[in-house]
Amino acid sequence: NAGVMQNPRHLVRRRGQEARLRCSPMKGHSHVYWYRQLPEEGLKFMVYLQKENIIDESGMPKERFSAEFPKEGPSILRIQQVVRGDSAAYFCASSPGITTWTETQYFGPGTRLLVL
Amino acid sequence: GQQVMQIPQYQHVQEGEDFTTYCNSSTTLSNIQWYKQRPGGHPVFLIQLVKSGEVKKQKRLTFQFGEAKKNSSLHITATQTTDVGTYFCAGFNNAGNMLTFGGGTRLMVKP
Chain A
1 NAGVMQNPRH
11 LVRRRGQEAR
21 LRCSPMKGHS
31 HVYWYRQLPE
41 EGLKFMVYLQ
51 KENIIDESGM
61 PKERFSAEFP
71 KEGPSILRIQ
81 QVVRGDSAAY
91 FCASSPGITT
101 WTETQYFGPG
111 TRLLVL
Chain B
117 GQQVMQIPQY
127 QHVQEGEDFT
137 TYCNSSTTLS
147 NIQWYKQRPG
157 GHPVFLIQLV
167 KSGEVKKQKR
177 LTFQFGEAKK
187 NSSLHITATQ
197 TTDVGTYFCA
207 GFNNAGNMLT
217 FGGGTRLMVK
227 P
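Chains A and B supply the protein sequences, listed in that same order. Start counting the first sequence at 1; every next residue gets the next number (our numbering). Start counting the second sequence at 117; every next residue gets the next number (our numbering).
Bound conformation, chain B alone (with noise of 0.2 Å):
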């Protein structure tokens, strides 16, 4: 079946350097989606990715859709305390019938 996979598992950062986490699916994807989740809160929808190669942009953080659509990234710039909490990737299968999440990189951010 459809695995993804997200790396590192965990990344501590000081406060003010970047970050990034890169999710690889074993197929290829329809879309993506990108979810934040803070310690015991619940996972919140980021943004979707659809397009091959696509990039967008939500303030400090960049999010890609690898060419092959079988791999992506969400990188931070200059990270902030309020960025802790771990995030998930999540992709469809090009059936669109199944949400698969990656494991998730938990971000700790050191004040």
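Isolated chain A (complex conformation) (with noise of 0.2 Å):
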């Protein structure tokens, strides 16, 4: 039973490029969340997905940053223009959807994103 997956593993872009970070969460799993981690910090909730659906995206940036999860194919998380202060490990967890919030999160190996 595979994990939870994310691509790119490592993503380096230069200021102003735009940053698509995958995931496909684990089988059987339909509801998704993106958290942040700033080196050696926390982790810091972005937003919760579900197919077709945002849930919460109070972690959000107003700007430059979307995310989606279609009814086909991984979420996306999406960051336009990306700035310095965009480097960090984006990390991506997966739970089932049968209860909301309070089910166990599995989280994916993360996207290491260095900006220029």
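You can take every hint at face value.
Partial list, derived from the structure: chain A residues whose beta carbon lies under 8 Å from chain B:
1. Glu41
2. Gly42
3. Leu43
4. Phe45
5. Thr104
6. Tyr106
7. Phe107
8. Gly108
9. Pro109
10. Gly110
The hints are simulated quantities; they were obtained by calculation from the structure and are not laboratory data. Ideal Cβ positions, reconstructed from N, Cα and C, are used throughout, including at glycine.
Starting from two chains that each stand alone, build the complex the way the hints lay out.
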């Protein structure tokens, strides 16, 4: 049973470019969460999605960041016009979606984004 | 908003010594989870505590949830080098619709 998959594992972008991070949840999971982790810090919640629906995006910066989880395919976290401060590890987690938040979340390996 | 704090931020121990990390929330939690993240790795779920005063054990790890459901602790007995990593607590608010992570405690074990 494959776990949560994220790609790419490492992504280098120059300032002003776009970054697209992908997350495929565990088989049978319909809820996806995105977190950002700055070096030497904890995880900060960004957004919580189920298929074709954003449940909670209270942790998403208002500009340049967007997320989607289409009916088919992986969840995408998109960062437009990246800046150096966007450099971080971005983790995706998934849960079965039987209840809401309080389910155990299973984390993917993360995408390390470096903005030059 | 809800804040979850962990202390200490860093802890160096000699192999065989015990280790404890403490987690404190600014608000009452519905439940709390603990995760371990190895250097360069991703958070791995360890356990969830739900009941007030609950204590759970996993081999050398003991997890406690405070009576007021505002604090928690993780205690490791006789640390080993394989225990190295950052331990995060993550608390759900009472509505169960927000998971907030603590800043983590980074454990380093000298052989």
